[in-house]
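Going by our numbering, the sequence shown opens with residue 34, and the numbers climb by one from there.
No lab work stands behind these hints: they were computed from the structure.
Check the hints yourself; a few may be wrong.
[Said to hold, decoys possible] For each label pair, taking beta carbons as the anchor points, the in silico distance ranges come out as:
1. Thr428 with Glu368: 28 to 36 Å
2. Leu358 with Glu172: 31 to 39 Å
3. Glu76 with Pro335: 28 to 36 Å
4. Gly435 with Glu86: 34 to 42 Å
Yeah, the Cβ is synthetic: ideal placement off N, Cα and C, and Gly gets one too.
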Amino acid sequence: MSEQPITPMPESARAVPDGSDLGRALGTDFFGLDELLTDTERELRDGVRTWCEQQVVPRAPEFWEAAEFPRDLLPGYADTQVAGAAIQGFGCAGVSPLAEGMMCLELARGDGSVATLNAVHSGLAMTSVHELGSDEQRERWLPGMARVELLGAVALTEPTHGSDVVSLETTARRDGDHWVLDGAKRWIGNGSVCDLAVVWARDEEGDVGGFVVEAPQETDGWDAQVITGKMSNRGVWQAHIRLDGVRVPTDNRLVEARTFSDTNRVLMRSRQTVAWEAVGHAVAAYEGALTYTLRREQFGRPLARNQLIQDGLARMVTLITSMQLMCTRMSQLQERGACTIEHAAMAKLHCTEGAREVVAIARDMLGGNGILLDHHVGRHFADLEAVYTYEGSRTVQSLLVGRAVTGLSAFT
34 MSEQPITPMP ESARAVPDGS DLGRALGTDF FGLDELLTDT ERELRDGVRT
84 WCEQQVVPRA PEFWEAAEFP RDLLPGYADT QVAGAAIQGF GCAGVSPLAE
134 GMMCLELARG DGSVATLNAV HSGLAMTSVH ELGSDEQRER WLPGMARVEL
184 LGAVALTEPT HGSDVVSLET TARRDGDHWV LDGAKRWIGN GSVCDLAVVW
234 ARDEEGDVGG FVVEAPQETD GWDAQVITGK MSNRGVWQAH IRLDGVRVPT
284 DNRLVEARTF SDTNRVLMRS RQTVAWEAVG HAVAAYEGAL TYTLRREQFG
334 RPLARNQLIQ DGLARMVTLI TSMQLMCTRM SQLQERGACT IEHAAMAKLH
384 CTEGAREVVA IARDMLGGNG ILLDHHVGRH FADLEAVYTY EGSRTVQSLL
434 VGRAVTGLSA FT
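Using the sequences and the hints, build the whole thing.
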């Protein structure tokens, strides 16, 4: 049988639109919450949006698929001023908690890995130093962290203690003018690339402390191994860390970190950031689906003209608006110093559940294209699974809310 020549595909048949337009921001804000920002805050928020649209979104499929940490994006991230944005002084932008939340939303709308990097560096590490450090410690570390010259990590979760972090097993013993840390940590974002890590451990008195390890990658006894095989947030690295006699100067213990209640002050702030992140993923998926269904034609008409599609879009934007409103009120309470860990828990619970529904609807609307990285929605669909779990799973958040409304703890 003779070989038949292969007929090249006609150029017109090759011209199938890719998903590059699905990463464009549409500024979804059904109830006009943008009006609550000052002009300066709006400019900063728009700067994060522009940076993500121009620098992050086009590259996100590449570093997500390769599971590579996009270190070359750090200077641009620093320029957005989102790191420590709501901290007053120390080289930080000093914006309102609401503006910071909207900036974090834009990071997640761009890419979940970049948003998680920020949640760790700013929401956990910088918050730990700012909330629990002395004035001298803040001056020593926060300016460099704000410029992202020092990339931060927080080592709290352990291999056998995730939701049960209060059972902290990592130890800190005093040896002259140093603390010596021993133990293991797991799922530590930035743990293999950080310049500064806040390690949570129990001292010989049983007190919980936050110990700042500087230049950990060069410190004897610090062994960080990147966790591989992830299906979510593949562009940010989490590490399994062994601490074997890691020595930390005594003045590197955060002075206000003495009990797990102090740790909860940091977790409350980080959960607020994570709630905003969830909204960002939902906005990205909704906007991608809206753009796609307006331009995608089936049976001679745009998908968006079909009742089922419009019903789905209406459901998505309604969920997003409810999440935006809850996060806005949470940020207003934070500015007054009235936000509690239960407020943050409810926001994280509602926003991650709502976002999960939004990204599922959006992925379905894109059909087969919904699983392609160059159409972006599938990436947000996968990355949201990490957001749904980290900084306290859905179940843990629900038990915090349940304790608040009943006065009874189901944890013990």
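Check your understanding: Which earlier hints turn out false for this structure, listed by number in ascending order?
Key -> none
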